[in-house]
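> Residues per chain are reported as follows:
There are 2 protein chains.
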Amino acid sequence: MNIILLSGGSGKRLWPLSNDIRSKQFIKIFKTENGYESMVQRMYGQLRRVDADCTVTIATSKSQISSIHNQLDENVGISVEPCRRDTFPAIALATAYLHDIQGVSKSEAVVVCPVDPYVKDDYFEALKTLGEQAKRGEANLILMGIEPGYPSEKYGYIIPETDEPVSKVSDFKEKPDLASAEKYISEGALWNGGVFAYKLKYVLDIAERIFGTSSYTQLYSRYDTLDKISFDYAVVEKEDMIQVIRFAGQWVDIGSWNTLTEAMSENIIGDAMMDEACENVHIINELDVPILAMGVKNVVISASPDGILVSDKDRSCYLKEYVEARDREAMFAEKSWGSFRVIDAEKDCLTIKVVIKPGDYMNYHSHDFRDEVWVVVSGRGKTIVDGMEQYISAGDVITMKAGCRHTVIAKTELKLVEVQIGKEITVHDKRKYAFSVEACR
Amino acid sequence: MNIILLSGGSGKRLWPLSNDIRSKQFIKIFKTENGYESMVQRMYGQLRRVDADCTVTIATSKSQISSIHNQLDENVGISVEPCRRDTFPAIALATAYLHDIQGVSKSEAVVVCPVDPYVKDDYFEALKTLGEQAKRGEANLILMGIEPGYPSEKYGYIIPETDEPVSKVSDFKEKPDLASAEKYISEGALWNGGVFAYKLKYVLDIAERIFGTSSYTQLYSRYDTLDKISFDYAVVEKEDMIQVIRFAGQWVDIGSWNTLTEAMSENIIGDAMMDEACENVHIINELDVPILAMGVKNVVISASPDGILVSDKDRSCYLKEYVEARDREAMFAEKSWGSFRVIDAEKDCLTIKVVIKPGDYMNYHSHDFRDEVWVVVSGRGKTIVDGMEQYISAGDVITMKAGCRHTVIAKTELKLVEVQIGKEITVHDKRKYAFSVEACR
Numbered sequence: 001m002n003i004i005l006l007s008g009g010s011g012k013r014l015w016p017l018s019n020d021i022r023s024k025q026f027i028k029i030f031k032t033e034n035g036y037e038s039m040v041q042r043m044y045g046q047l048r049r050v051d052a053d054c055t056v057t058i059a060t061s062k063s064q065i066s067s068i069h070n071q072l073d074e075n076v077g078i079s080v081e082p083c084r085r086d087t088f089p090a091i092a093l094a095t096a097y098l099h100d101i102q103g104v105s106k107s108e109a110v111v112v113c114p115v116d117p118y119v120k121d122d123y124f125e126a127l128k129t130l131g132e133q134a135k136r137g138e139a140n141l142i143l144m145g146i147e148p149g150y151p152s153e154k155y156g157y158i159i160p161e162t163d164e165p166v167s168k169v170s171d172f173k174e175k176p177d178l179a180s181a182e183k184y185i186s187e188g189a190l191w192n193g194g195v196f197a198y199k200l201k202y203v204l205d206i207a208e209r210i211f212g213t214s215s216y217t218q219l220y221s222r223y224d225t226l227d228k229i230s231f232d233y234a235v236v237e238k239e240d241m242i243q244v245i246r247f248a249g250q251w252v253d254i255g256s257w258n259t260l261t262e263a264m265s266e267n268i269i270g271d272a273m274m275d276e277a278c279e280n281v282h283i284i285n286e287l288d289v290p291i292l293a294m295g296v297k298n299v300v301i302s303a304s305p306d307g308i309l310v311s312d313k314d315r316s317c318y319l320k321e322y323v324e325a326r327d328r329e330a331m332f333a334e335k336s337w338g339s340f341r342v343i344d345a346e347k348d349c350l351t352i353k354v355v356i357k358p359g360d361y362m363n364y365h366s367h368d369f370r371d372e373v374w375v376v377v378s379g380r381g382k383t384i385v386d387g388m389e390q391y392i393s394a395g396d397v398i399t400m401k402a403g404c405r406h407t408v409i410a411k412t413e414l415k416l417v418e419v420q421i422g423k424e425i426t427v428h429d430k431r432k433y434a435f436s437v438e439a440c441r
Numbered sequence: 001m002n003i004i005l006l007s008g009g010s011g012k013r014l015w016p017l018s019n020d021i022r023s024k025q026f027i028k029i030f031k032t033e034n035g036y037e038s039m040v041q042r043m044y045g046q047l048r049r050v051d052a053d054c055t056v057t058i059a060t061s062k063s064q065i066s067s068i069h070n071q072l073d074e075n076v077g078i079s080v081e082p083c084r085r086d087t088f089p090a091i092a093l094a095t096a097y098l099h100d101i102q103g104v105s106k107s108e109a110v111v112v113c114p115v116d117p118y119v120k121d122d123y124f125e126a127l128k129t130l131g132e133q134a135k136r137g138e139a140n141l142i143l144m145g146i147e148p149g150y151p152s153e154k155y156g157y158i159i160p161e162t163d164e165p166v167s168k169v170s171d172f173k174e175k176p177d178l179a180s181a182e183k184y185i186s187e188g189a190l191w192n193g194g195v196f197a198y199k200l201k202y203v204l205d206i207a208e209r210i211f212g213t214s215s216y217t218q219l220y221s222r223y224d225t226l227d228k229i230s231f232d233y234a235v236v237e238k239e240d241m242i243q244v245i246r247f248a249g250q251w252v253d254i255g256s257w258n259t260l261t262e263a264m265s266e267n268i269i270g271d272a273m274m275d276e277a278c279e280n281v282h283i284i285n286e287l288d289v290p291i292l293a294m295g296v297k298n299v300v301i302s303a304s305p306d307g308i309l310v311s312d313k314d315r316s317c318y319l320k321e322y323v324e325a326r327d328r329e330a331m332f333a334e335k336s337w338g339s340f341r342v343i344d345a346e347k348d349c350l351t352i353k354v355v356i357k358p359g360d361y362m363n364y365h366s367h368d369f370r371d372e373v374w375v376v377v378s379g380r381g382k383t384i385v386d387g388m389e390q391y392i393s394a395g396d397v398i399t400m401k402a403g404c405r406h407t408v409i410a411k412t413e414l415k416l417v418e419v420q421i422g423k424e425i426t427v428h429d430k431r432k433y434a435f436s437v438e439a440c441r
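First to last, the protein sequences are chains R and Z.
Note that this note's numbering numbers the first sequence so that position 295 is 295, with each residue one more than the last.
Note that this note's numbering numbers the second sequence so that position 312 is 312, with each residue one more than the last.
Each hint should be verified, as a subset may be incorrect.
Unchecked claim - Under the rule of at most 30 angstroms between Cα atoms (straight-line distance), these lysine-lysine pairs were calculated in the DSBU-like manner:
no.: 1; chain 1: R; residue 1: 297; chain 2: Z; residue 2: 423
no.: 2; chain 1: R; residue 1: 12; chain 2: Z; residue 2: 297
no.: 3; chain 1: Z; residue 1: 31; chain 2: R; residue 2: 347
Derived by calculation from the structure, the hints in this document are not laboratory data.
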């Protein structure tokens with residue numbers, strides 16, 4: 001099977017664990033035998049289990065590359081959107097990537113699905129069936145129709161012509177009100193979970209027609225000039241030959257704390273306690289500070305360096321607007337080389353904790369407007385400051401004045417406390433320089 | 001008026017804002033014109049307003065001295081218990097302090113009251129009346145009897161002989177069950193708020209009889225050998241001439257989050273937001289991380305570097321046992337010279353933020369088992385390291401190996417990030433040395 005996983009969005013809906021840098025699909029929240037895994041890890045693992053030879057491409061933005069590399073193995077393809085253009089350019093680019101880079105033939109089928117529903121293995125069996133049906137060529141586009149659990153106002157509906165397992169689609173209905181949703185369901189309508197399959201040639205031909213090219217290199221280099229058009233507008237609305245395949249297995253859209261906590265197998269992740277008077281409470285604590293919950297009911301408590309949320313579970317679906325009201329910079333970020341976390345913020349001074357993975361290193365860089373001090377907390381490695389190399393271990397202190405070039409290379413996992421001092425501390429104050437890490441190891 | 005304020009207890013009942021180092025009476029929680037004040041500040045201010053010439057002595061333990069000095073003016077006397085011995089030794093010591101140190105005559109009366117009820121100015125008028133009645137000499141001990149608001153099982157009851165404003169006491173009842181409480185109240189019983197007045201001579205004579213001395217110096221130096229006996233056992237149970245004076249004003253015992261939040265004039269202190277679906281919610285946030293509450297009701301949320309509490313208000317009275325279940329070291333402390341807060345904890349490494357008040361300084365000290373690094377975040381001052389003096393300002397770094405003597409003197413308010421590195425980091429690893437700060441300024 002060939003599959004494109006759509007990994008989008010910044011995800012304010014799961015604040016404070018998701019932020020502008022870390023999207024919800026990368027939060028490690030699902031219990032496994034050896035710890036926790038994220039939505040993206042869970043889905044990738046399930047996919048590999050159902051089809052070990054599956055060609056997986058993740059369509060995503062630049063900001064997620066580090067997280068994907070950190071969380072998945074090297075067999076995953078990544079189609080990076082250089083900027084945001086809407087769904088058709090993104091899907092066309094990923095399809096071209098599959099053809100030009102992964103070498104998948106135009107007559108092969110691909111299944112496109114979002115990375116964030118909470119599903120079981122039968123979902124991936126259904127994806128396979130979707131791909132096989134697309135390959136068969138009875139229709140140009142095959143959709144998955146999810147048997148509705150209840151009349152939801154949150155989803156789009158697919159109206160099939162018949163109640164056969166595979167049916168031609170007669171109509172689509174966008175997010176309806178409750179009464180309409182009930183009516184559609186009584187007439188056999190299915191939820192549209194945004195899952196579909198097609199032959200590569202089909203979408204590449206449309207790309208050729210709209211953009212004048214279906215070459216990955218061309219699409220990528222001209223991406224910021226491509227028309228912002230949706231997949232619905234470019235493809236679905238113009239296509240008569242669409243089929244839908246019914247899916248009756250578990251499918252939970254993890255779009256809010258309410259649905260996410262339903263999918264959690266335990267009530268507490270992190271340092272927390274609750275008393276016996278608590279009912280239906282979930283706590284996810286990424287802070288070093290312990291949480292104690294007493295006598296609260298139907299509540300989710302979630303804490304990270306970005307904030308602390310205490311919300312009635314039903315109310316949590318209104319989270320986005322409140323979080324947007326705060327324009328706070330992300331206090332935690334995962335990087336290709338490790339991670340950092342703000343541990344103290346003062347006027348003209350920021351203190352951060354930096355963890356660098358064994359063998360990894362930062363860019364060689366300088367800042368124009370701030371001095372920095374590193375105190376090595378644990379681990380071993382080497383710093384280069386204005387060309388001077390120095391071996392470092394716990395207790396060592398490195399001072400860097402504004403303008404001085406610096407990097408650090410971790411021999412073992414290296415933890416630093418970094419104190420930044422300056423009138424203007426921003427992520428934009430950074431100049432990068434070329435250097436050969438091989439020559440320095 | 002002469003008054004002894006009993007400032008005891010570590011106060012796990014208001015965790016995480018109170019801890020082993022900071023008792024609940026020092027939490028700044030009551031809104032004033034220019035910020036917030038603590039219970040102790042509020043009570044001291046009220047006392048001075050009602051009686052500007054009042055002689056105030058606070059009976060307390062060593063660990064509270066810094067907080068008292070930081071929060072109150074220099075006119076307050078402090079009688080420090082060298083160790084814990086129960087209530088009679090503590091009251092005898094404070095009474096001897098009043099006589100020997102403050103120069104109050106033995107024929108004068110003193111009023112003893114706990115530092116933590118939430119009251120209005122009329123309470124202090126009532127204290128004056130209590131003192132005047134003691135001075136009059138009709139009885140040896142004058143108690144305040146609080147008109148009960150409801151049949152509480154939490155308080156002791158005083159049974160007066162008559163319903164006159166001043167009456168002889170006929171009996172005491174310890175914390176009764178609900179039915180008994182109702183019965184006592186119907187018979188005219190009053191709450192015992194632990195407030196009483198006597199002439200100094202009365203208690204000093206009893207001390208002389210029990211301990212063989214009523215001298216402050218003697219009591220202080222022999223304190224750890226004094227019998228552990230309660231004031232009730234030593235005095236109240238043996239005394240026939242006890243009067244009670246009724247008090248009908250506001251009196252709230254701030255012993256739990258439930259009662260404390262009732263006394264707060266606003267719902268949010270610190271960086272927090274709540275949505276319009278929240279009802280009867282109080283948030284006190286001492287962390288830099290914002291709190292968002294959505295759709296919760298009758299809940300108190302309280303956060304400090306020690307922990308995060310989310311509790312149903314009625315449940316919060318059971319807090320103590322849960323907090324005792326955690327034996328976590330205090331992560332924040334107020335010191336005579338400023339304050340410190342743990343901002344990161346690793347195996348073999350602790351990072352703390354230190355704030356030193358202008359003109360103040362640490363002890364000259366060394367550690368046997370850890371190295372330390374100071375990074376100056378803001379302010380100006382001077383360090384002395386193994387006798388070497390150095391002027392410091394933002395961005396300066398001072399490294400101190402284990403064994404090296406060091407201190408820092410703040411010229412302006414000085415903020416440091418201190419990284420401690422060693423196999424065994426404890427508060428006990430500290431040697432102090434004499435030095436003259438005057439010579440070093």
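> Tell me the numbers of any earlier hints that the structure contravenes, in ascending order.
Per hint list: single violation, 1.
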